[in-house]
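**Q** Single-letter residue listing:
Number of protein chains: 2
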Amino acid sequence: MLDEPSENTSEPLTTPFSETSFTSPAAPATNSGKAENPPKRAGADERRQGVRREDHRYKILVRVACLLNSEMDLDRLLDLIIIEANNLLDTDRTSLYLVDADKKELYSKIALGIRQEIRLPLGTGLAGLVAVTGETINVEDAQHDGRAYHGVDREVGYITRNVLTMPLRNHNHTIIGVIQSINKHGKSFDESDIEILEAFASVVAVSIENATLRRDIERMFNSFVDTMASTIDARSPQTAGHSNRVAFYSQKVALELGMTPRQAQVVYLAGLLHDFGKIGVPEAVLTNPGPLSEAEWVLMRRHVVQTKEILSNMYFIGELKRIPLIAGQHHERLNGKGYPQNLTGEQIEFEAKILAVCDVYDALTVKRYYRNPLGAGEVLEYMSGLVGIEFDGTCMEGLARVVKIIGTPQNPTNDTAEQLYLQKDRNTRDYIRG
Amino acid sequence: MLDEPSENTSEPLTTPFSETSFTSPAAPATNSGKAENPPKRAGADERRQGVRREDHRYKILVRVACLLNSEMDLDRLLDLIIIEANNLLDTDRTSLYLVDADKKELYSKIALGIRQEIRLPLGTGLAGLVAVTGETINVEDAQHDGRAYHGVDREVGYITRNVLTMPLRNHNHTIIGVIQSINKHGKSFDESDIEILEAFASVVAVSIENATLRRDIERMFNSFVDTMASTIDARSPQTAGHSNRVAFYSQKVALELGMTPRQAQVVYLAGLLHDFGKIGVPEAVLTNPGPLSEAEWVLMRRHVVQTKEILSNMYFIGELKRIPLIAGQHHERLNGKGYPQNLTGEQIEFEAKILAVCDVYDALTVKRYYRNPLGAGEVLEYMSGLVGIEFDGTCMEGLARVVKIIGTPQNPTNDTAEQLYLQKDRNTRDYIRG
Numbered sequence: 001m002l003d004e005p006s007e008n009t010s011e012p013l014t015t016p017f018s019e020t021s022f023t024s025p026a027a028p029a030t031n032s033g034k035a036e037n038p039p040k041r042a043g044a045d046e047r048r049q050g051v052r053r054e055d056h057r058y059k060i061l062v063r064v065a066c067l068l069n070s071e072m073d074l075d076r077l078l079d080l081i082i083i084e085a086n087n088l089l090d091t092d093r094t095s096l097y098l099v100d101a102d103k104k105e106l107y108s109k110i111a112l113g114i115r116q117e118i119r120l121p122l123g124t125g126l127a128g129l130v131a132v133t134g135e136t137i138n139v140e141d142a143q144h145d146g147r148a149y150h151g152v153d154r155e156v157g158y159i160t161r162n163v164l165t166m167p168l169r170n171h172n173h174t175i176i177g178v179i180q181s182i183n184k185h186g187k188s189f190d191e192s193d194i195e196i197l198e199a200f201a202s203v204v205a206v207s208i209e210n211a212t213l214r215r216d217i218e219r220m221f222n223s224f225v226d227t228m229a230s231t232i233d234a235r236s237p238q239t240a241g242h243s244n245r246v247a248f249y250s251q252k253v254a255l256e257l258g259m260t261p262r263q264a265q266v267v268y269l270a271g272l273l274h275d276f277g278k279i280g281v282p283e284a285v286l287t288n289p290g291p292l293s294e295a296e297w298v299l300m301r302r303h304v305v306q307t308k309e310i311l312s313n314m315y316f317i318g319e320l321k322r323i324p325l326i327a328g329q330h331h332e333r334l335n336g337k338g339y340p341q342n343l344t345g346e347q348i349e350f351e352a353k354i355l356a357v358c359d360v361y362d363a364l365t366v367k368r369y370y371r372n373p374l375g376a377g378e379v380l381e382y383m384s385g386l387v388g389i390e391f392d393g394t395c396m397e398g399l400a401r402v403v404k405i406i407g408t409p410q411n412p413t414n415d416t417a418e419q420l421y422l423q424k425d426r427n428t429r430d431y432i433r434g
Numbered sequence: 001m002l003d004e005p006s007e008n009t010s011e012p013l014t015t016p017f018s019e020t021s022f023t024s025p026a027a028p029a030t031n032s033g034k035a036e037n038p039p040k041r042a043g044a045d046e047r048r049q050g051v052r053r054e055d056h057r058y059k060i061l062v063r064v065a066c067l068l069n070s071e072m073d074l075d076r077l078l079d080l081i082i083i084e085a086n087n088l089l090d091t092d093r094t095s096l097y098l099v100d101a102d103k104k105e106l107y108s109k110i111a112l113g114i115r116q117e118i119r120l121p122l123g124t125g126l127a128g129l130v131a132v133t134g135e136t137i138n139v140e141d142a143q144h145d146g147r148a149y150h151g152v153d154r155e156v157g158y159i160t161r162n163v164l165t166m167p168l169r170n171h172n173h174t175i176i177g178v179i180q181s182i183n184k185h186g187k188s189f190d191e192s193d194i195e196i197l198e199a200f201a202s203v204v205a206v207s208i209e210n211a212t213l214r215r216d217i218e219r220m221f222n223s224f225v226d227t228m229a230s231t232i233d234a235r236s237p238q239t240a241g242h243s244n245r246v247a248f249y250s251q252k253v254a255l256e257l258g259m260t261p262r263q264a265q266v267v268y269l270a271g272l273l274h275d276f277g278k279i280g281v282p283e284a285v286l287t288n289p290g291p292l293s294e295a296e297w298v299l300m301r302r303h304v305v306q307t308k309e310i311l312s313n314m315y316f317i318g319e320l321k322r323i324p325l326i327a328g329q330h331h332e333r334l335n336g337k338g339y340p341q342n343l344t345g346e347q348i349e350f351e352a353k354i355l356a357v358c359d360v361y362d363a364l365t366v367k368r369y370y371r372n373p374l375g376a377g378e379v380l381e382y383m384s385g386l387v388g389i390e391f392d393g394t395c396m397e398g399l400a401r402v403v404k405i406i407g408t409p410q411n412p413t414n415d416t417a418e419q420l421y422l423q424k425d426r427n428t429r430d431y432i433r434g
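If you read the protein sequences in the order shown, they are chains A and B.
At position 98 of the first sequence (counting the first as 1) the number is 98 in the working numbering, and the numbers step up by one without a gap.
At position 263 of the second sequence (counting the first as 1) the number is 263 in the working numbering, and the numbers step up by one without a gap.
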C-alpha cells in the first residue's frame with residue numbers, strides 16, 4: 001500500500017520557472033480575495049487584476065504540467081494532482097474520480113483529499129452527473145443542492161460548502177474522469193476559477209492517460225516474461241514454477257540487502273529470465289529422472305550460454321541492459337568452479353551472486369525425482385558451509401533473513417509460484433526510469 | 001520514412017482552451033510588435049503590455065503542453081514542437097538538437113526547420129556550446145558572432161540574423177538537447193522571449209523524454225516477442241523463421257486490404273505469436289522427418305489450443321486484447337474442417353483468415369524434409385482452388401498482391417527472416433493507443 005495522502009507535508013509549486021527571469025509584477029496572492037461576498041461580475045479594475053492573477057496562474061500551470069507529466073507512478077501522480085489543484089484553486093480539498101467504462105461507474109482514488117476507493121454509478125451525485133453530461137457544475141451552496149451526494153462527506157465527517165465539478169477529457173475528448181474542487185477559501189468559485197480548472201483538467205487528463213498507458217505497457221511486458229518463464233519451466237515437471245520462485249526470492253534478498261526497488265526489479269527480471277536457455281535443452285535431458293550422464297550434463301550446462309545468447313538478442317532499456325550479463329552468470333561460483341566462464345570472486349556480478357544462492361536454495365527445497373524436498377533450515381545450513389567457496393556471504397545472510405520472514409516454502413509447486421505472483425504486483429513498478 | 005516537415009501546412013495553436021470561457025481581454029498578437037528597433041528595456045506602459053502578452057503566451061503554452069504530451073510518435077512530436085515554437089516565439093525557424101551521450105555529440109532531428117540529421121561534437125557551435133555549459137545564449141547578430149556555426153546555414157541557403165539558444169533539461173536537470181529559435185520576426189529576442197522559451201523548453205524536454213521512453217518500452221516488448229518466436233520456431237530446423245515470415249506477410253496483407261497501421265500491427269503480433277503453443281509439443285514430433293502418425297498429429301494439433309492458453313494468461317492492452325482469439329484460430333477453415341473448434345465462415349475472425357493464408361503459403365514455399373520448396377506461383381494457384389472452401393477470397397487476393405510486390409521468397413530461411421526483420425521496424429509503431 002502507499003503512504004497516506006501527503007498534501008499537508010509536500011511543498012506546493014509556488015515559484016515560477018526561475019526567480020531571475022521572472023519579470024512579471026507580483027500578482028496578488030490567490031487568497032487575497034477573501035473579502036466577504038465578492039462580486040460575481042468584477043468592475044474594470046478588478047477585472048484587470050483578476051486577469052493578471054489568472055494569467056499568473058497559467059504561468060504556474062505550465063510548471064505544474066511539466067511536473068505531472070514527469071511523474072511515472074500513477075499513485076504518486078494522483079497525490080501530486082491533489083496538491084497542485086488545492087494550491088492553484090486555493091481550495092481546502094479536491095476529489096478525483098476515474099471512469100470505469102466496463103462497469104459504468106466512477107471510482108475515486110482520492111476523494112475529499114483522502115485516499116480511499118469509492119464507487120459511484122455514472123449519473124449519481126455531482127461527479128457522476130458531470131461524468132455523463134460533460135458539463136461543468138459550479139455549486140455555491142452544496143448543502144442545499146439536490147444533485148450533491150453527501151455520502152462521502154458523512155463518511156469522513158466533512159462539510160462541503162461549495163464545489164466546482166468538471167470532466168477530465170483525453171485527447172479524443174472522451175471523458176476519463178472528474179475533478180472536484182471543494183471549499184474555496186473564503187468565497188465561491190468565480191469565472192476565472194472555472195477557466196483555470198478547465199486548463200488544469202486538460203493537463204491532468206493527459207498526465208493520467210500517459211501514466212496509465214505506461215503502466216499498462218510495462219504490465220504487458222512483465223506478464224509476457226512471466227508467462228514465458230512459467231511455460232519454459234513447465235517443460236519439466238521438476239522445475240515447474242522454479243523461475244518465478246527464484247525471481248521472487250532474489251528480489252526480496254536484493255531489497256533486504258538495501259538495494260533500491262528499481263535495482264531489485266532488475267534482479268527480479270533476471271531471475272525470471274535466468275533459465276530461458278533451457279528452451280534449447282532437449283526434453284530427454286530435462287526430464288531424465290536419474291542422475292545425468294556426462295554428455296547430458298554438457299547439454300544441461302549449455303542452457304546458461306543459451307540464456308545469455310537469447311537475452312543478448314533482445315532490446316533492453318536503461319538498467320535492464322545488464323540483465324543478459326547477470327542472468328548468464330547465475331551458475332558461476334566464487335572459487336571459479338562454476339560455469340560457463342569459470343569466473344571467480346569479484347569477476348562475478350553481485351546480482352548474479354544473489355541469483356546463485358536463490359537458485360540453489362529453491363532447487364534443494366523442492367521435490368526431485370530422486371529425493372524428497374529438504375527443509376529450509378537444513379538447506380541454509382548446508383549452503384552456509386559453502387560461503388566463500390561457492391556462495392557470497394552477504395547474499396547468504398540476505399537469503400537467511402528473507403527465509404526467516406517469509407517462512408519455509410510449503411509444497412512449493414506451480415501453485416505456490418502463483419501465490420507469490422499475486423504478492424509481487426506491487427513490486428513491479430519503477431524499474432523503468434533513466 | 002516519414003513525411004516532409006509539415007510546419008507550413010499544419011494549423012498552429014492560436015485559440016485558447018475554449019472560446020466561451022476565454023474571458024481575458026484580447027492580448028496583443030505576438031507579431032504586432034514588429035516595430036523598427038524596439039527598445040531593449042521597455043518603459044512602464046510597454047512593460048505592462050509586454051507582461052500581458054507574455055502571460056497570454058503562458059495560457060497558450062498550457063494548451064501546447066497538453067498537445068505535445070498527447071503525441072505518442074517521436075517524429076510527429078518533433079514536428080509539432082517546431083510548429084509551436086515558431087508560433088509562440090514569432091520566429092521564422094527553429095532547430096532542435098538531441099544529446100547523444102555515448103558519442104558525445106548533438107544530433108539534429110530538425111535543423112532550421114528542415115528535417116535532416118546533422119551531427120555536431122558537444123562544444124561546437126552555439127548549440128554544442130549550450131549543450132555543454134547549460135547557459136542560454138542570445139545572439140543578436142549571428143553573422144558576426146564567432147561562436148555561431150554557419151555550416152547548416154550554408155547547406156540550406158539560409159541567413160541567420162539572430163538566434164536564441166537554450167538547453168532542454170529533463171526532470172533530473174540533465175541536458176538532453178538544445179532548442180534554437182531563429183530569426184525573430186522584425187526584431188531581436190527580448191527578456192520575455194527568453195522567459196517563454198525557457199518555459200517551453202521544459203515542456204519540450206518532458207514530452208521528448210516521455211515519447212522516447214514509451215517507444216523504448218514498446219521496442220523492448222516487440223524484441224522480446226520476436227526473440228521468443230524465433231527461439232520456439234528454431235526447435236525444429238524445418239520451421240526456423242516461420243513465425244517471423246508469417247507475421248511479415250500477414251501485416252503486409254492487412255495493409256494491402258486497407259486496414260490501418262494499428263490494425264495491421266495487431267495482425268503482425270498475432271502472426272509472431274501464432275505458434276507459441278509449439279513450445280508444448282514434444283521434440284520427437286516437431287522434428288519427425290516423415291509423415292506424422294495419427295497420434296503425432298493429435299499432439300501437433302494441440303499446439304493451437306496451447307497457443308491460445310498461453311496467450312490468454314498474458315496481459316494485453318487495448319486492441320491487442322484480441323490477439324489470443326486471433327492466434328488461436330489460425331488453423332480454422334471456412335468449411336469447418338479446421339481445428340481446434342471447427343468454426344465456419346463468419347465465426348472465424350477476419351484477422352485469423354489472413355493468418356491462415358499466410359501460414360499455409362509460408363509452409364509450402366519453404367523446404368520440408370520430404371519435399372523441395374514449391375514456387376510462389378504454384379502455391380498461389382493451388383491455394384486459389386481452395387477459396388471459399390478453406391480460404392477467404394479477399395485474403396487470398398491480398399496475399400497474391402503482396403507476393404507480386406515483394407516477389408517470390410528466395411531460399412526463405414532464418415536469414416531471410418532477419419532481412420525481413422530489418423524492414424519491419426518502421427511498421428512497429430502506433431499500435432498502442434486507445
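Please note: incorrect hints may appear among the correct ones.
What the hints assert, rightly or not - Ranges of calculated distance between the beta carbons of each label pair, as one might list FRET restraints:
#1 Gln-341/A to Arg-169/B: 39 to 45 angstroms
#2 Glu-294/A to Ser-293/B: 48 to 54 angstroms
#3 Tyr-339/A to Gly-393/B: 53 to 59 angstroms
It should be emphasised that the hints constitute simulated quantities derived from the structure, not laboratory data.
Don't be surprised by glycine CBs; every beta carbon is placed ideally from N, CA and C.
**Q** Work down the list of hints and note, for each, if the structure agrees.
**A** Evaluation of the provided hints:
1. Gln-341/A to Arg-169/B: 39 to 45 angstroms: 41 angstroms, holds
2. Glu-294/A to Ser-293/B: 48 to 54 angstroms: 34 angstroms, violated
3. Tyr-339/A to Gly-393/B: 53 to 59 angstroms: 56 angstroms, holds
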